[in-house]
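Protein chains in written order, with the numbering used here: chain A, 34 to 336; chain B, 4 to 174.
Just so you know, the hints here were simulated from the structure itself, not pulled from any lab data. Because the structure is a prediction, the values reported are computed rather than measured.
Here are the computed distance ranges between Cβ atoms for each label pair:
(1) Ala105/A with Ser55/B: 50 to 56 angstroms
(2) Lys57/A with Asn135/B: 32 to 38 angstroms
(3) Asn131/B with Asn35/A: 18 to 24 angstroms
(4) Trp107/A with Ser55/B: 52 to 58 angstroms
(5) Trp44/B with Ala105/A: 55 to 61 angstroms
(6) Leu81/A with Glu30/B: 46 to 52 angstroms
(7) Phe85/A with Ala145/B: 29 to 35 angstroms
(8) Leu47/B with Thr38/A: 40 to 46 angstroms
(9) Thr38/A with Arg171/B: 16 to 22 angstroms
(10) Asn131/B with Asn79/A: 35 to 41 angstroms
(11) Leu81/A with Ala145/B: 33 to 39 angstroms
(12) Lys57/A with Asn28/B: 16 to 22 angstroms
Within a straight-line C-alpha distance of at most 27 angstroms, the following computed DSSO-like cross-link-like pairs (lysine-lysine) qualify:
(13) Lys41/A with Lys120/B
(14) Lys315/A with Lys216/A
(15) Lys216/A with Lys248/A
(16) Lys149/B with Lys120/B
(17) Lys216/A with Lys277/A
(18) Lys121/B with Lys48/A
(19) Lys121/B with Lys41/A
(20) Lys74/B with Lys121/B
(21) Lys38/B with Lys48/A
(22) Lys48/A with Lys149/B
(23) Lys149/B with Lys41/A
(24) Lys121/B with Lys149/B
(25) Lys57/A with Lys38/B
(26) Lys120/B with Lys48/A
(27) Lys38/B with Lys121/B
All C-beta atoms, glycine included, are put in the ideal place defined by N, C-alpha and C.
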Amino acid sequence: MNDTTIEKTLFQAPKPSAPADLLKQIQAEIALPSAKTAPRAREWQNPLRRWFPAMAFGVLMLSCAIIMAVQANWATNLKVQNDVLRATTAELPKLREQHAALENAQANQDELVQLRKDNEELHQLRAEAAQLRNLPAQIEQLQNENKRLAAAPAASSNTASGAGFFADAQAEADRVKCVNNLKQIGLAMRIWAGDNNDKYPTSLVVMSNELSTTKILICPNDTARQPYASLGFQQFQDNMTSYKFTVQPDDENYPHCITARCPIHHNYLLADGSVQSVNPDKFREVQKDGRWYLQNIETGEPF
Amino acid sequence: MGAASELVTLFYQRIFAYLRRLSGNDEDAADLTQKTFARTWQALASYQKRSSFSTWLHGIAHHVYLDWRRKRNVGDAQSDEWWEAQSDHSPTPFETTAERELAQQLYRWVDELDEEKKQTVHLHYYQNLSLNETAEVLGVAASTIKYRLREALAFLRSRSEAESRAERRIV
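Only chain A is shown next, with the shape it has when bound in the complex:
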């Protein structure tokens, strides 16, 4: 069986006949959609659909017309501008001349402004030159006054001078240095006593280990003993010191008794380690029970 026969046979397939009452049943069940409901869905679409091609064409034509109108307007404007430019071109040489004249005038104006500035500077310089001419006379006047002032202190020799001021300062510095020497000696005595059953030394040489240098044993104003300040403790002797020692071994129990004093500055080292710098017109030394104390001359009260 070839393809043609098969196809022919298939085309001639038997057609089953429908039951007799099927047609009536189907016809009885015909239920067409109501006339109102079906078109309603498309009612609003129909006018648009119907008129859309015409509207689209109309919109296209209108757009074209607008574009053409705009282009025509541009072309007219460009023509007008072109005419104006052509008319202006005819006057171009004249305008160039005017421009050159204007630039020339501008350059003259700038030059004038510059000249004015230079003139002002010239006036200013002249004023400064006049001031400078007067300056030597002023300098000469000031020099004369300076000479006069320098001569004035030499004439009055009795008034306070810078040399006197420095001498006072030096004296005060020496006095403070003397106080410091005594304080260091007092500290050395107390340290020595701490190592020796609280007994103070009766000789400087004995407590030489507690003293840093022999310089502190010489008062700065004791010019006669200054050479001893350069000696070591091996050469130093008790009578070489500037200070007068009145210390006794049990002075620690008498804190106000004098252990050493400077006869030049009237500085007193007391047994409690303090150093008192007193006015000899107001205080004096008094001896009581073999020890020396300071006493107020006017009131007689102990220091």
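Assemble chain B onto chain A, guided by the hints.
Then chain B, alone, in the frame of chain A:
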């Protein structure tokens, strides 16, 4: 209403025949035919006239059949007796008994085709739809229809040749 009745008169036989061959019995075919027309009236407003009414109606019938088949999960093949009965009762162009038997066998082999090819053969050959109409009903391209028909004919030819060889061997 009159126009609808006229449409039913024109097409109900073809639709019934199509659904009868596919469904396998008269009752189901009658039900499916009724459903097809009921659905036709519902969808009448959406008919766009892009295809002929016959094609559109066959499309609805095809979908009605697919829905029914999906719900029932029925078998594919028709019984031999039905094709014999159809050939016996219907007026056929086959003159000899041998030709008639061969045709019945051919129809049975068509029912052995897979569903897509069977649908294509039914619509194109049995329902006399063109290739484009068949393609439109099944929602595929015309080239696909051509391919399916070629495959179906190859299958039927191979079955026929196998049958001929078996007969010769018996003789």
